[in-house]
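What the sequence shown shows, in this note's numbering, is residues 1 to 117, in sequence order.
Hints were generated in silico from the structure; no laboratory data involved. Note that the Cβ used here is the ideal one computed from N, Cα and C, for glycine as well. Everything hinted at is true.
Now the in silico label distances, taken between C-beta atoms and shown as ranges:
#1 6 - 32: 35 to 45 Å
#2 104 - 37: 37 to 47 Å
#3 106 - 80: 30 to 40 Å
#4 17 - 74: 16 to 26 Å
#5 33 - 1: 33 to 43 Å
#6 107 - 41: 34 to 44 Å
#7 38 - 1: 29 to 39 Å
#8 5 - 60: 13 to 23 Å
#9 32 - 1: 40 to 50 Å
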Amino acid sequence: MLPKTIARMIVSVWAIWWTLFGLLSGLGEGLDGLGVFIHTLVPGGIFLLATAIVWRWETVGGALLVAIGLATIQYYPFASSWLGAVTLSLPPTLAGFIFLWDGWQSHRPNHPPRAMK
Numbered sequence: 001m002l003p004k005t006i007a008r009m010i011v012s013v014w015a016i017w018w019t020l021f022g023l024l025s026g027l028g029e030g031l032d033g034l035g036v037f038i039h040t041l042v043p044g045g046i047f048l049l050a051t052a053i054v055w056r057w058e059t060v061g062g063a064l065l066v067a068i069g070l071a072t073i074q075y076y077p078f079a080s081s082w083l084g085a086v087t088l089s090l091p092p093t094l095a096g097f098i099f100l101w102d103g104w105q106s107h108r109p110n111h112p113p114r115a116m117k
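Could you put the whole structure together from the sequences, leaning on the hints where they help?
Dropping the structure here:
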């Protein structure tokens, strides 16, 4: 399987997971419609938007995913725990680096550089 395909699967599952988590948490807390919407939108909607961006513009989206992964560590206390890092921060960071690596590799020439004489 291509690295980009794996990265797309990682980031898609991650975004859908957090969107559903936000939706079900909002419903479980008994919030009104607007409250459930906001609970779902942050962070799930933001993560879905980032996923859509990375599917269209892989290098830009890869940088965005790395930034989101690092930002979650800063702004969500849960992400500083081992479980939080694995479920919230690691997937976008890993997928982002895969997209960045693939973009860098695709712009390299297919032959090794020549030695200077």
